[in-house]
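Chains as they are written, first to last, in our numbering: chain A, 1 to 556; chain B, 1 to 556.
Keep in mind that a hint or two might mislead.
Under the rule of at most 35 Å between Cα atoms (straight-line distance), these lysine-lysine pairs were calculated in the DSBU-like manner [stated by the list, open to error]:
hint: 1; chain 1: A; residue 1: Lys225; chain 2: B; residue 2: Lys504
hint: 2; chain 1: A; residue 1: Lys471; chain 2: B; residue 2: Lys225
hint: 3; chain 1: B; residue 1: Lys504; chain 2: B; residue 2: Lys299
hint: 4; chain 1: B; residue 1: Lys209; chain 2: A; residue 2: Lys299
hint: 5; chain 1: B; residue 1: Lys476; chain 2: A; residue 2: Lys209
hint: 6; chain 1: B; residue 1: Lys449; chain 2: A; residue 2: Lys225
hint: 7; chain 1: B; residue 1: Lys209; chain 2: B; residue 2: Lys449
hint: 8; chain 1: A; residue 1: Lys225; chain 2: B; residue 2: Lys471
hint: 9; chain 1: A; residue 1: Lys225; chain 2: B; residue 2: Lys209
hint: 10; chain 1: A; residue 1: Lys299; chain 2: B; residue 2: Lys504
hint: 11; chain 1: B; residue 1: Lys185; chain 2: A; residue 2: Lys96
hint: 12; chain 1: A; residue 1: Lys209; chain 2: B; residue 2: Lys225
hint: 13; chain 1: A; residue 1: Lys209; chain 2: B; residue 2: Lys96
hint: 14; chain 1: A; residue 1: Lys299; chain 2: B; residue 2: Lys96
hint: 15; chain 1: A; residue 1: Lys504; chain 2: A; residue 2: Lys185
hint: 16; chain 1: A; residue 1: Lys504; chain 2: B; residue 2: Lys185
hint: 17; chain 1: B; residue 1: Lys471; chain 2: B; residue 2: Lys449
hint: 18; chain 1: B; residue 1: Lys96; chain 2: B; residue 2: Lys185
hint: 19; chain 1: B; residue 1: Lys471; chain 2: A; residue 2: Lys476
hint: 20; chain 1: A; residue 1: Lys225; chain 2: B; residue 2: Lys96
hint: 21; chain 1: B; residue 1: Lys476; chain 2: A; residue 2: Lys225
hint: 22; chain 1: A; residue 1: Lys185; chain 2: B; residue 2: Lys96
hint: 23; chain 1: B; residue 1: Lys471; chain 2: A; residue 2: Lys209
hint: 24; chain 1: A; residue 1: Lys299; chain 2: B; residue 2: Lys225
Derived from the structure by calculation, the hints contain no laboratory data.
Protein chains: 2
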Amino acid sequence: MRDSPTQGPAGPADTAGGSGGMSRRRFLRAVGVSGGAGVMLATMGALDLAVTSDASHAGFSPPSPADFSLTGRAAGSVVILGGGVAGLAAAYELGKAGWNCTVLEAQNRIGGRSLTVRGGDEHVDLDGHRQRVGYSEGQYFNAGPARIAQWMVTMDYCRELGVPLEVFANHNADAYIFREENGMKPGQPVRRRAAQSDVYGYVSELLAKATNQGALDQAMTPQDKEKLLAFLRDFGNVGNRISGTQARDWRYLGGSQRGYTAWPGAAGVPFSRALPVPPLSQVFASEVGQELTFNVDFKHDHLMFQPVGGMDAIPLALAARVGPGRIKLGCLVTGVTDGPDRVAVTYREPDGREQRMESDYCIATLPPNLMARVPHNLGPAVQSGLTTFRPTSAGKIGLEYRSRWWETQDRIYGGITETDMDITRIWYPSHGFHSQRGVVVGYYNTDEKADAYAALRPGEREARALAQGMKVHGPKYRTELLTSFSVAWTRVPHVEGAWMDIPKDIDDPVFAPLVNGAGRVYFAGDWLSHVVSWQHGSLTSVRKVVSALHRREVSI
Amino acid sequence: MRDSPTQGPAGPADTAGGSGGMSRRRFLRAVGVSGGAGVMLATMGALDLAVTSDASHAGFSPPSPADFSLTGRAAGSVVILGGGVAGLAAAYELGKAGWNCTVLEAQNRIGGRSLTVRGGDEHVDLDGHRQRVGYSEGQYFNAGPARIAQWMVTMDYCRELGVPLEVFANHNADAYIFREENGMKPGQPVRRRAAQSDVYGYVSELLAKATNQGALDQAMTPQDKEKLLAFLRDFGNVGNRISGTQARDWRYLGGSQRGYTAWPGAAGVPFSRALPVPPLSQVFASEVGQELTFNVDFKHDHLMFQPVGGMDAIPLALAARVGPGRIKLGCLVTGVTDGPDRVAVTYREPDGREQRMESDYCIATLPPNLMARVPHNLGPAVQSGLTTFRPTSAGKIGLEYRSRWWETQDRIYGGITETDMDITRIWYPSHGFHSQRGVVVGYYNTDEKADAYAALRPGEREARALAQGMKVHGPKYRTELLTSFSVAWTRVPHVEGAWMDIPKDIDDPVFAPLVNGAGRVYFAGDWLSHVVSWQHGSLTSVRKVVSALHRREVSI
């Protein structure tokens with residue numbers, strides 16, 4: 001972080017989550033001395049209102065107009081390169097203190113990768129594929145980010161901006177796992193519920209067996225063993241009493257959590273469990289267990305959330321606060337020249353005219369692969385940092401169906417089916433349950449699988465996605481389709497990548513010129529965070545840069 | 001099931017989920033013979049529209065007016081005892097075919113245990129405790145059932161009735177586990193996320209150890225072992241490569257899924273994992289693992305759902321279809337007399353007058369403990385069946401808070417904290433995220449824990465619930481409270497129990513007179529199902545009884 005040269009070293013408490021607290025305390029002390037306790041208390045109150053109450057992201061105090069008015073300084077100007085979530089959030093936060101921000105966005109829309117696609121939209125990719133979106137009224141497709149973990153700072157922005165949230169169904173026990181390579185036949189996916197029961201069941205059987213044989217006596221006390229076995233009984237549905245004895249049978253034989261082919265209901269009406277239970281070898285060979293562990297990842301565990309009506313609610317709300325006059329669309333950045341007192345940015349307007357803008361500061365939020373192409377005088381270390389990032393490939397298709405067959409026929413309300421096919425996974429919508437239509441994500445793949453779809457024309461992508469999805473869902477996957485839209489993020493103009501692959505730790509010295517900023521130019525984006533590809537990474541990066549820039553100005 | 005005496009035995013396909021299909025086929029055959037193919041096709045179309053498309057509950061064809069009009073018969077009359085979900089659903093389904101139904105409900109409201117409490121409501125219990133509900137506008141508390149599993153037929157009713165659904169957050173990795181008896185101190189609950197990581201981690205470490213030692217060579221092939229270890233690596237976050245060698249370290253040392261005290265964010269900003277990882281003995285001794293297995297139960301696994309705005313949306317929608325003229329509130333059933341051609345029901349009107357109603361059939365949906373007190377001539381086998389059920393105790397309190405501190409401070413958006421205290425658990429609301437206020441369920445307990453709270457006055461229940469909840473959440477749990485409402489289901493007039501404990505299998509012969517019906521009297525409710533305490537049990541029971549009653553009439 002590029003601290004103001006006049007600022008002393010920050011204590012550990014201040015560095016934890018941005019260093020806004022330090023200068024605020026020093027500032028308050030100064031105000032208290034010159035204006036008396038009354039002014040100090042009033043100022044504290046005003047600042048405290050702006051401090052987020054969330055403990056996990058404490059430490060960020062947004063820039064405040066009082067920082068200028070009470071010190072007799074004036075807010076300066078900032079040119080922000082890129083109108084995605086990072087650029088918009090930077091303009092929003094700096095605008096709170098009265099900074100004069102201008103956002104330059106090359107596309108004709110804001111949001112960057114936070115793209116929600118709706119009927120009537122038109123998108124043209126770098127290969128000239130033009131898609132006019134045919135979705136019905138009210139339907140949408142989050143072509144970029146689509147889910148928020150509750151610990152993420154994105155939640156705080158939704159609260160602050162008044163963006164309503166609903167649960168994003170990241171996991172559904174009734175969704176499927178389908179692994180062709182492991183011998184599953186078309187039309188025979190397994191329910192996640194059954195896979196989980198079998199994996200947990202056999203794991204429990206094996207561990208109980210080893211425990212009872214004494215194989216783990218070195219690792220556990222008798223009390224540990226007793227407690228462990230009690231857990232395994234519940235967890236794996238094993239260890240039932242053998243009739244007439246006190247011994248327990250630790251074999252896994254299936255159980256109610258596998259699900260039913262006819263669910264239990266009225267007395268006198270037979271019900272039947274989903275059987276047979278596959279043998280241990282088959283369960284482990286099928287590798288279904290690996291598909292279950294996704295949900296114990298800290299970014300994907302329950303619960304997750306989505307903005308009601310589409311992920312672009314976040315950039316739209318940010319842009320509304322920034323104000324349309326400060327956001328210039330269709331403006332391609334062509335050069336950045338840092339100087340001792342000002343930074344000059346040149347850009348090409350939609351009509352082709354070159355413009356030059358001088359500002360006090362610049363925040364560059366373009367993807368590093370694109371920023372690396374912009375002529376600049378920031379030095380080889382900056383360029384070396386920018387070219388170290390590698391854009392990755394990801395693709396998505398949004399299939400609009402005339403009926404919600406996944407709910408009425410497959411009984412899947414939201415959640416994700418994981419496959420080993422090139423579509424990787426199928427997402428069912430987490431909203432509009434029981435309504436007429438819905439958009440299913442027919443693939444969300446990465447790397448070479450995404451490249452394979454990127455190489456196809458949109459119609460070919462649809463055909464391929466349908467052929468694969470039919471192996472899970474059968475003919476209705478094709479016959480109920482209304483229309484589709486697909487995105488290949490490497491082929492999106494002015495984006496050219498899904499997110500960055502970072503071959504070294506982001507705190508490696510090679511990135512220091514970007515992390516700390518160069519002269520009057522700062523850099524921000526999810527690529528400058530520990531949480532790449534998430535808005536959280538982008539927003540925390542912005543908070544840090546905004547704090548540094550603002551503190552540099554007010555604490556001189 | 002009491003089949004019509006003239007009906008032949010049903011084939012296996014017909015018995016799976018109610019026997020409506022059989023008589024429908026026979027009926028269609030009859031129509032086809034007498035009316036020609038045109039009539040047959042038209043009739044099939046009309047019937048097919050009414051068949052639910054959900055495979056798991058296929059087989060139920062609701063009574064149709066065509067069943068009468070095409071056979072020249074007239075729909076008869078049915079008196080239905082009880083205006084809960086069972087009674088209302090019975091009237092709704094029979095009403096589809098034109099049956100003249102009357103619902104007798106002792107309370108001044110419909111819904112029975114499907115009770116949603118709102119500001120301004122007033123409830124008086126059997127002990128004379130009068131609670132006037134002080135919730136703010138828009139707030140509500142589901143005092144009875146509150147969640148629906150997606151496989152349940154309740155989902156189909158919501159679709160058919162146009163009751164909008166949203167996700168019910170049954171599991172949240174960021175909610176807590178708090179076990180006093182296992183040594184956790186007030187203010188030191190553990191996040192479910194950390195507990196899960198630790199339990200899965202040590203289970204994986206132990207099982208990997210046993211596997212690598214050869215202790216399970218009898219149970220697994222070398223390939224099984226390899227696949228199992230690959231799973232355990234992901235599942236337990238164990239098995240990292242030891243630097244410089246090809247060996248793996250299978251010790252569990254924690255990992256990112258435990259969560260963070262400072263979450264990862266911007267580059268250059270430190271973050272810190274939630275540490276230290278408790279040792280194996282402590283993890284198993286704390287019994288946190290048992291709290292995790294709740295979510296692999298087939299009734300509680302992801303995803304679950306709730307009606308938008310309150311669970312009473314279901315009985316209200318049913319009642320709207322039945323029509324208010326057919327539902328008599330405040331009418332207490334005082335006798336049931338079955339006869340050869342009619343059944344007579346006596347009841348006391350709100351003004352105290354005794355009334356007598358003769359109908360073709362009766363469906364009794366009162367809880368069996370209350371039905372057992374109603375004088376009847378249905379014989380000792382019926383009475384013996386009724387008195388075999390044992391009402392259970394359950395209680396809930398809905399605490400309205402002036403702020404949603406669980407979201408802004410604890411970062412918990414929905415889900416459930418499990419404890420070993422007498423409150424058992426705390427539910428956070430699954431809707432209204434980021435809004436001003438919210439209702440937290442401060443206890444949902446059963447058996448002796450519920451009895452303990454039932455014995456208290458409402459104010460005392462609140463004080464006790466707050467004292468317990470503060471051990472998890474601290475002083476804000478008391479200071480932010482606005483108002484509360486509590487229910488003790490054993491003390492609710494005309495209910496007197498949460499659900500039934502059934503000491504034998506519901507298919508035991510002692511219950512046959514209830515399951516099959518007695519003369520012209522049928523019985524329905526969740527207590528006559530394999531899914532006691534769920535609306536699904538009630539609704540499937542009703543479907544079976546309605547099918548039997550209707551088929552008996554149309555197939556004579």
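For this structure, which hints from the list above don't hold up? Violated: hints 5, 7, 10, 11, 13, 14, 15, 16, 18, 19, 20, 21, 22, 23.
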